[in-house]
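Colleague: Based on the sequences and whatever the hints tell you, model everything.
Chains A and H supply the protein sequences, listed in that same order.
Just add 292 to the spot in the first sequence (first one is 1) and you have the numbering used here.
Just add 14 to the spot in the second sequence (first one is 1) and you have the numbering used here.
Just so you know, these hints were derived from the structure itself, not from any lab.
Treat the hints with caution; some may be incorrect.
[As the list claims (entries may be wrong)] Listed below are several chain H residues computed to face chain A (Cβ distance under 7 Å; list not exhaustive):
#1 Q45
#2 S46
#3 Y53
#4 S57
#5 P58
#6 S63
#7 T114
#8 S117
[Stated by the list, open to error] List of simulated lysine-lysine pairs, DSS-like, C-alpha gap at most 25 Å:
#9 K349(A) with K16(H)
#10 K107(H) with K349(A)
#11 K56(H) with K305(A)
#12 K362(A) with K295(A)
Note that CB positions come from ideal geometry on N, CA and C, so glycine has one too.
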Amino acid sequence: DVKVTQSSRYLVKRTGEKVFLECVQDMDHENMFWYRQDPGLGLRLIYFSYDVKMKEKGDIPEGYSVSREKKERFSLILESASTNQTSMYLCASSLAGGLTDTQYFGPGTRLTVL
Amino acid sequence: QKEVEQNSGPLSVPEGAIASLNCTYSDRVSQSFFWYRQYSGKSPELIMSIYSNGDKEDGRFTAQLNKASQYVSLLIRDSQPSDSATYLCAVSKDQFYFGTGTSLTVIP
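Modeller: Pasting the structure below:
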């Protein structure tokens, strides 16, 4: 079974803080993704990575950065958290075959920025 | 135009009935199609994937793909209260595109 884990289920931060969200997958997947999910807007892709040290912007990268130093680990960084970044953050991974292979999701981190 | 459109619902069906969920997509070059189930407060979990025209069955679930009409549907037979969730349609071409989901309630 694919297992994707995320460092926190719930997180509360203050405006201006630097926030790290971490994702780990244990199935040797090539691709990893960060989404945010908001009511009425669905899942929106923030960043993805298809290899170690490689990253690509998704649809809404502003205010975020990512790091992938090891194949199994993909971190999302909010350099200076703002209230409009309050959301559910979902990490996903997929095996290979381009970016169209089945994606498996972690449990999500619900981030509140006060 | 959105890449993927779903009726947001909510859709309510009685226990034991067939639930029908629909999804349309805008780009004919889309390659792969997925249905995910998401319980409230949880992350999406894969139910089924379908790649070619026609029906694909897995237990009580049947996915149907019609590329000419650009729609994909999910049928849930013998619906159970535990099927109550939001169902997300996803379409892939260069990346994944998700619909906003259809909320399903199965009434005991």
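Colleague: Taking the hints in turn, state whether each one holds.
Modeller: Hint check:
1. With a least beta-carbon distance of about 5 Å to chain A, the hint placing Q45(H) at the interface is held under the 7 Å criterion.
2. A hinted interface residue such as S46(H) counts as satisfied when its beta carbon comes closer than 7 Å to some beta carbon of chain A; here the least separation is about 5 Å, so the hint holds.
3. For Y53(H), the interface hint is violated, since its Cβ never comes within 7 Å of a Cβ in chain A; the closest pair sits about 11 Å apart.
4. Residue-level restraint check for S57(H) holds (minimum Cβ-Cβ distance to chain A is 4 Å; threshold 7 Å).
5. For P58(H), the interface hint holds, the least distance from its beta-carbon to any beta-carbon of chain A being 5 Å, beneath 7 Å.
6. The beta carbon of S63(H) comes within 6 Å of a beta carbon in chain A, closer than 7 Å, and the hint placing it at the interface holds.
7. A distance limit of 7 Å between C-beta atoms decides the matter here; for T114(H) the minimum to chain A is near 4 Å, and the interface restraint holds.
8. Using the Cβ-Cβ criterion of 7 Å, the hint placing S117(H) at the interface with chain A is not satisfied: the shortest such distance is roughly 11 Å.
9. Proximity of K349(A) to K16(H) is assessed by CA-CA distance (about 19 Å); at most 25 Å being required, the pair is judged to hold.
10. The suggested pairing of K107(H) with K349(A) holds, with an alpha-carbon distance near 16 Å, which does not exceed 25 Å.
11. Straight-line distance between C-alpha atoms of K56(H) and K305(A) comes to about 21 Å, which keeps the hinted pair within the 25 Å bound.
12. With a C-alpha separation of about 16 Å, the suggested pair K362(A) and K295(A) falls inside the 25 Å cut-off, and the hint holds.
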